[in-house]
Amino acid sequence: EPEVTQTPSHQVTQMGQEVILRCVPISNHLYFYWYRQILGQKVEFLVSFYNNEISEKSEIFDDQFSVERPDGSNFTLKIRSTKLEDSAMYFCASRISSGELFFGEGSRLTVL
Amino acid sequence: AQSVTQLGSHVSVSEGALVLLRCNYSSSVPPYLFWYVQYPNQGLQLLLKYTTGATLVKGINGFEAEFKKSETSFHLTKPSAHMSDAAEYFCAVSEVGRGSQGNLIFGKGTKLSVKP
Chain A
3 EPEVTQTPSH QVTQMGQEVI LRCVPISNHL YFYWYRQILG QKVEFLVSFY NNEISEKSEI
63 FDDQFSVERP DGSNFTLKIR STKLEDSAMY FCASRISSGE LFFGEGSRLT VL
Chain B
119 AQSVTQLGSH VSVSEGALVL LRCNYSSSVP PYLFWYVQYP NQGLQLLLKY TTGATLVKGI
179 NGFEAEFKKS ETSFHLTKPS AHMSDAAEYF CAVSEVGRGS QGNLIFGKGT KLSVKP
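From first to last, the protein sequence lines are chains A and B. Quick note: the first sequence uses my numbering, first residue 3, plus one each step. Quick note: the second sequence uses my numbering, first residue 119, plus one each step.
Think of the hints as simulated: they come from the structure by calculation, not from any bench. Certain hints may be false.
In silico DSS-like pairs for lysine-lysine, Cα to Cα no more than 27 Å straight-line [unchecked claim]:
1) B:Lys-229 - B:Lys-186
2) B:Lys-176 - B:Lys-187
3) A:Lys-59 - A:Lys-85
4) B:Lys-167 - B:Lys-226
5) B:Lys-226 - A:Lys-44
6) B:Lys-233 - B:Lys-176
7) B:Lys-229 - A:Lys-44
8) A:Lys-85 - B:Lys-187
9) A:Lys-80 - B:Lys-226
10) A:Lys-44 - A:Lys-85
11) B:Lys-176 - B:Lys-229
12) A:Lys-59 - B:Lys-167
13) B:Lys-187 - B:Lys-233
14) B:Lys-176 - B:Lys-226
15) B:Lys-226 - A:Lys-59
16) A:Lys-44 - B:Lys-176
17) B:Lys-186 - B:Lys-167
18) B:Lys-176 - B:Lys-186
19) B:Lys-186 - A:Lys-85
20) B:Lys-167 - A:Lys-44
21) B:Lys-187 - B:Lys-167
22) A:Lys-80 - A:Lys-44
23) B:Lys-187 - B:Lys-229
24) A:Lys-80 - B:Lys-176
25) B:Lys-226 - B:Lys-186
26) A:Lys-80 - B:Lys-229
27) B:Lys-226 - B:Lys-187
28) A:Lys-59 - A:Lys-44
29) A:Lys-59 - A:Lys-80
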């Protein structure tokens with residue numbers, strides 16, 4: 003069964019460092035998303051991406067965040083200068099035009 | 119603005135007992151409603167969804183939920199809990215027809231424990 007895959011599963015980084023989280027959405031999906039879940043809190047929408055551009059973003063998605071679809075398969079989330087409060091589980095998701103969201107297993111980011 | 123409230127961050131039931139996880143939403147337009155389950159160290163898996171039509175929705179693993187517009191609720195139930203149901207459950211809402219790209223707004227989640 004097709005699935006969304008994310009790498010790495012866990013990354014530990016120092017505050018101020020750049021981090022790139024990678025996602026391979028399901029191949030025929032058109033809409034891509036990043037969500038995050040800070041430990042013990044709700045899953046929060048970060049950004050959606052369609053037709054090679056950001057279609058919506060939340061207040062959380064500030065200038066330190068960026069997304070890219072560098073090729074036909076990968077969808078990346080970059081955090082330029084990580085802060086302690088960026089420690090969270092980051093979920094990638096994708097969908098066809100009007101279907102359900104399929105989520106990856108998440109990438110846990112720990113900022114020290 | 120949309121929001122989702124899940125009553126009870128932690129629910130514990132005995133194996134074989136009824137499972138009831140509560141979800142209330144607010145939305146200015148007819149919502150799409152979802153329940154996702156997250157098993158330990160795994161991603162979010164869709165249990166069931168309500169879009170239009172029948173208000174009682176059946177999902178995987180014997181779960182079902184009923185959309186009650188008058189109560190703005192979408193509670194999740196299962197008649198008989200199984201040990202394998204132990205997980206965290208998230209209710210989510212999505213607005214349609216307002217230019218949204220189908221973004222989901224999640225509740226805080228309810229952790230279900232099942233006692234033998």
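Results of checking the hints against the structure:
no.: 1; hint: B:Lys-229 - B:Lys-186; verdict: 23 Å, holds
no.: 2; hint: B:Lys-176 - B:Lys-187; verdict: 17 Å, holds
no.: 3; hint: A:Lys-59 - A:Lys-85; verdict: 19 Å, holds
no.: 4; hint: B:Lys-167 - B:Lys-226; verdict: 18 Å, holds
no.: 5; hint: B:Lys-226 - A:Lys-44; verdict: 4 Å, holds
no.: 6; hint: B:Lys-233 - B:Lys-176; verdict: 24 Å, holds
no.: 7; hint: B:Lys-229 - A:Lys-44; verdict: 12 Å, holds
no.: 8; hint: A:Lys-85 - B:Lys-187; verdict: 41 Å, violated
no.: 9; hint: A:Lys-80 - B:Lys-226; verdict: 25 Å, holds
no.: 10; hint: A:Lys-44 - A:Lys-85; verdict: 19 Å, holds
no.: 11; hint: B:Lys-176 - B:Lys-229; verdict: 21 Å, holds
no.: 12; hint: A:Lys-59 - B:Lys-167; verdict: 24 Å, holds
no.: 13; hint: B:Lys-187 - B:Lys-233; verdict: 33 Å, violated
no.: 14; hint: B:Lys-176 - B:Lys-226; verdict: 22 Å, holds
no.: 15; hint: B:Lys-226 - A:Lys-59; verdict: 20 Å, holds
no.: 16; hint: A:Lys-44 - B:Lys-176; verdict: 24 Å, holds
no.: 17; hint: B:Lys-186 - B:Lys-167; verdict: 13 Å, holds
no.: 18; hint: B:Lys-176 - B:Lys-186; verdict: 15 Å, holds
no.: 19; hint: B:Lys-186 - A:Lys-85; verdict: 42 Å, violated
no.: 20; hint: B:Lys-167 - A:Lys-44; verdict: 19 Å, holds
no.: 21; hint: B:Lys-187 - B:Lys-167; verdict: 15 Å, holds
no.: 22; hint: A:Lys-80 - A:Lys-44; verdict: 21 Å, holds
no.: 23; hint: B:Lys-187 - B:Lys-229; verdict: 25 Å, holds
no.: 24; hint: A:Lys-80 - B:Lys-176; verdict: 38 Å, violated
no.: 25; hint: B:Lys-226 - B:Lys-186; verdict: 20 Å, holds
no.: 26; hint: A:Lys-80 - B:Lys-229; verdict: 30 Å, violated
no.: 27; hint: B:Lys-226 - B:Lys-187; verdict: 21 Å, holds
no.: 28; hint: A:Lys-59 - A:Lys-44; verdict: 17 Å, holds
no.: 29; hint: A:Lys-59 - A:Lys-80; verdict: 14 Å, holds
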